[in-house]
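Starting from the given sequences, assemble the full structure and let the hints guide the process.
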Amino acid sequence: MSTLTFPSPLPSPAEDCEQLHKAFEGWGTNEGLIISVLAHRPAAHRREIRRVYAEIYGEDLLKPLDKELTRDFEVCARAVLLWVLDAAERDAVLANEVVRKWSPGNRVLIEIAVVRKTEELLAAKRAYQARFKRCLEEDVAAHTHDEYRKLLVPLVSTYHYEGAEVDKSLSKSEAKTLHQKIKDNDYSHEEVIRILTTRSKAQLLATFNEYHNEFKNPINKVFTAHRMLDADPKNEFLSALRAIVRCIICPERYLEKVIRLAINKMGTDEGALSRIITTRAEVDMKQIKDLYYKRNSVALDSAVKKDTTGDFEDFLLALVGHEEA
Amino acid sequence: MAEEHEALTGAFSGLGVDESSLLSVITQWRKQPEKRQGFRSSSPFFKPHGSFERCEDDFVRSLKVEFARFKNITVLWAMHPWERDARWIHHVLHKAHPFNIVVEIACTRSSDELLGARKAYHALFHHSIEEDVAYRVKENYCNLLVGLVSAYRYEGSRVDDDVAKSEAKALGHAIKSAGTEDPVENYEVIRILTTRSKAHLKETFRHYNGLYGKSIEQDFAGESCLGETVQCLGSSASYFSKVIDKAFREEADKNAKDALTRVVVSRSDVDIEEIKAVYEQQHKAKLEDKIVKNTRGNYRDALLSLVGV
Chain A
22 MSTLTFPSPL PSPAEDCEQL HKAFEGWGTN EGLIISVLAH RPAAHRREIR
72 RVYAEIYGED LLKPLDKELT RDFEVCARAV LLWVLDAAER DAVLANEVVR
122 KWSPGNRVLI EIAVVRKTEE LLAAKRAYQA RFKRCLEEDV AAHTHDEYRK
172 LLVPLVSTYH YEGAEVDKSL SKSEAKTLHQ KIKDNDYSHE EVIRILTTRS
222 KAQLLATFNE YHNEFKNPIN KVFTAHRMLD ADPKNEFLSA LRAIVRCIIC
272 PERYLEKVIR LAINKMGTDE GALSRIITTR AEVDMKQIKD LYYKRNSVAL
322 DSAVKKDTTG DFEDFLLALV GHEEA
Chain B
11 MAEEHEALTG AFSGLGVDES SLLSVITQWR KQPEKRQGFR SSSPFFKPHG
61 SFERCEDDFV RSLKVEFARF KNITVLWAMH PWERDARWIH HVLHKAHPFN
111 IVVEIACTRS SDELLGARKA YHALFHHSIE EDVAYRVKEN YCNLLVGLVS
161 AYRYEGSRVD DDVAKSEAKA LGHAIKSAGT EDPVENYEVI RILTTRSKAH
211 LKETFRHYNG LYGKSIEQDF AGESCLGETV QCLGSSASYF SKVIDKAFRE
261 EADKNAKDAL TRVVVSRSDV DIEEIKAVYE QQHKAKLEDK IVKNTRGNYR
311 DALLSLVGV
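As given, the protein sequences belong to chains A and B, one line each in that order. Residue 183 in our numbering sits at position 162 of the first sequence, and the numbers go up by one each step. Residue 32 in our numbering sits at position 22 of the second sequence, and the numbers go up by one each step.
Stretch-level coverage of chain B by chain A, calculated; a stretch enters the list once three of its residues show a Cβ under 8 Å from a Cβ in chain A:
| no. | segment |
| --- | --- |
| 1 | 133–140 |
| 2 | 153–167 |
| 3 | 197–211 |
Source of the hints: derived by calculation from the structure; they are not laboratory data. Don't be surprised by glycine CBs; every beta carbon is placed ideally from N, CA and C.
Spelled out as structure tokens, the structure:
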């Protein structure tokens, strides 16, 4: 559920544009004003603000935002810019950032491809083409290599069936196949990749359940165990497979973990924090917050407060629905 | 009477059935069962079997197929293009028809049309095309096919010339090492052909021609699946013209004949004029004339209308 709060009734987009324009003027920028407007408006309204701003002031809202905010605090600027974009554009920009400096340990592409619904991923791909004049698939293919390419390209390309129809016998046989390949330490086998990247989420959940029933071990634990047993302590590929499985089984849990790691990391991973919070604030941030509290015995708001400062902190807190005392 | 026999035999030879000839013979021979008898005894479609002439099984089967051609072309014509494509692909995957049909659809439709076909496939069959292709194709060109049907290519004209040049070299390299690795399994080949935009690929193929003196269609002609892929991506009108011509040949099998309906219906609203022009160039005959010569009845008339005569 969304953690976004906004005033009711909402001010008109024109009023908001005026406020924003005022915030940009003069010496320095009134970040507090910008945040109080943008962080408390739903997506459709933000889209309208962007449109009306361009109409009234003749330039895309992103331009002055970029100029005014980056000067003071780059991290906050990036978060606000991501927030102002449409969900599809946001995913496209994030994907492009990731692809250009991709490395095997990077799981953002997996996060975007698997957590999004089929139509959301499609919208992101369209936005990607419009913005970067190439398709996402070709960039992923060109910047990844070996088994990662074999895994990631189908993962972003497949137009997954979104329905609930499940073939029970297929889930049994594919659970067996997965078990066999894992036993043989053949995790990058074509069959494993085929199953994980082309089957629908419903089908995969059924397959994972069959796996658990049949082999007494949930599949993600098996991936972890193998990674630990593996001679190469950095077997990133297993981690990638595990990420896919976790994103399918419970995306909120996966995202909670990403936030937790971002906060606990020495020197916070602001990029990851911005990414998760801006992409999920209007989707399932509430569930993620609840899971965070369960897992860490401290509210996400407090953790963010402790770990970030200034406008960045204010902006993130506004998005996660922090109520000022 | 000989001419009626000829008319009857003619009505059943070729693609489709000459319904109006049949009707006129039926009318002329009303209340004259001996005339039908005469036809049966002299026709290769019937074999004497004791005291009567039995209808040959092959004849019955072929009648079913030929009468159905007009029905098929009409139904396909009425269907939404997405549903058409989805059903063709499903048919190929579940009845072991030649996979070049999948290549054809994946490579000659626009990005949004291919996406539409994938949507329709979800609705009709509760699976994605990608998962069915990945699951059912066991041959070594499986990865190429999955890549082709998964593609959502950039549709614009922006091309990076340096990348096109280097990818042309990569393709050439793959062909040269065909002895050690089958080009259809080469991951660079698959990456280039399944993710790059069509504009980019046309540039790449042009560079290929410049670098190696031969067209990529020629060099890849012998490769399973790859041959069709580069033809469909590089010069689809030429590909379609070849497919159509195969339907008119003596040795055409069921799939080759069905291809005529498929190509004409799917391209009628798109680029049939271009295909006609290329056909005339390649085969030194007008497509319309070939249709008139090789097809019959309502089926022929439907084809001619769709082809734009």
